[in-house]
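S.K.: Sequence:
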Amino acid sequence: MTLGRFFVRRFHQMRVDVVSRDIIKPSSPTPNHLKKFKLSLLEQLGPTIFGPMVFFYSGNNRIKPTEQLQKLKKSLSETLTHFYPLAGRLKGNISIDCNDSGADFLEAEVNSPLSSLLQEPSSDSLQQLIPTSVDSIETRTRLLLAQASFFECGSMAIGVCISHKLADATSIGLFMKSWAAILSQGSIKTVGFPVFDTAKIFPPGNFSETSPAPVVEPVIMMNQTISKRFVFDSSSIQALQAKASSFDVNQPTRVEAVSALIWKTAMKATRTVSGTLKPSILANSASLRSRLSPPFTKNSIGNLVSYFAAKAEEGIHQTKLQTLVYQIRKAKQRFRDNHITKLVGNPNATEIICSYQKEAGDMIASGDFDFYIFSSACRFGLYDTDFGWGKPVWVGIPTVRQKNIVTLLDTKEAGGIEAWVNLYEQEMNLFEQDRELLQFASLNPSVIQPFLHVL
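My numbering numbers the first residue of the sequence shown as 691 and each following residue consecutively.
Nothing false has been slipped in among the hints.
Label-pair restraints from in silico Cβ distances:
| hint | residue 1 | residue 2 | range |
| --- | --- | --- | --- |
| 1 | Gln-1116 | Asp-712 | 43 to 49 Å |
| 2 | Val-708 | Ser-877 | 30 to 36 Å |
| 3 | Asp-887 | Asp-938 | 33 to 39 Å |
| 4 | Ser-826 | Ser-936 | 43 to 49 Å |
| 5 | Val-963 | Asn-1038 | 40 to 46 Å |
| 6 | Val-708 | Asn-940 | 48 to 54 Å |
| 7 | Lys-781 | Ser-1136 | 42 to 48 Å |
Keep in mind that the hints were calculated from the coordinates and are not lab data.
We put the CB at the ideal spot given by N, CA and C, even for glycine.
Produce the complete structure using the sequences and hints provided.
M.R.: Written as structure tokens, this is what we have:
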């Protein structure tokens, strides 16, 4: 039965019951020469948390849930042969023991139809559909956990948690597409084989207990931080891009325009609540894949992410939308021209990256700045993840409950962006009522309405 039949039912408290837990091992043993996998410098500097994603699929009368489950397990086993480090165990901040211990696979049942969740998506609902919390104790050793959750209507959610010690969002998307291709087509060839080459470009640092890597770990604040979803549709983004354009930045990108508006609105809320005018920093994640020369292959697996920082001083002119877009563009260009060129083939690259990371950690810890961290999973093609029973009706990313975190991802409809924004409660109360923001964004609209005709 498809979820379209149920879209008028009222939202009620969702309960998820885990009914089984298995360990899925690679279908073929990992060769001895691949048993020890060294983390690259970038992975050593990555936070010890999971990167989570949840993919939602409408019910399919042609295949029973029990058959779906068996196909998922079998294809996951085959996928792990190609992504063999994910079936291993993390050894401190140095390496992965690729011992084929396997990945945890949970089966769960949800006491409501998928339509209930899609009418009013929440971060709390998404958290129930991933196999563990993003900062759980399992992050110290495990690299992959997966969960298949079946709704009353026969629809399904596939949630994964993959360690940031090995994978960025691009890598997680590649893993999911590979898993889907193996299940639906019996081969990984359409996606391409994963390449584990990051340690060749960024050799591991010589860290120890007395001289550890300067990792910036997230500060989780479950009870103080509110996470809310804002959706910018394609036409609203085009209008926002026009408003944000200037002589300095004639054509802002979608992500630049949306990021600048969210930054401006959050900054205003923070300054109103605190009564202070601290300088504001926007740290934006940037993939290194295509920016290096020569670039990484599109199938490189790793935590190939760094950050560029834009700064806004106090003053009305400094917080104009066009000015903030310019600051973001200027920071991105500075990162490309000055920072990246120092990384490849430089014997001092470790010191440069570590000092960059330490400086960011010190700025956050000092309290002298309002610090926002933005990450984007836009243009990742996540909606192409088809296991053979159709493309996902929605993709959600459960966010870390850390203040001032913003996650952007594509909507199902082309050209739109979803933003998950984490702020303190007082600041969120002001943020979600901001008139300029609401000219372009909708607060947590139903996922179902725009594409009822395809269900």
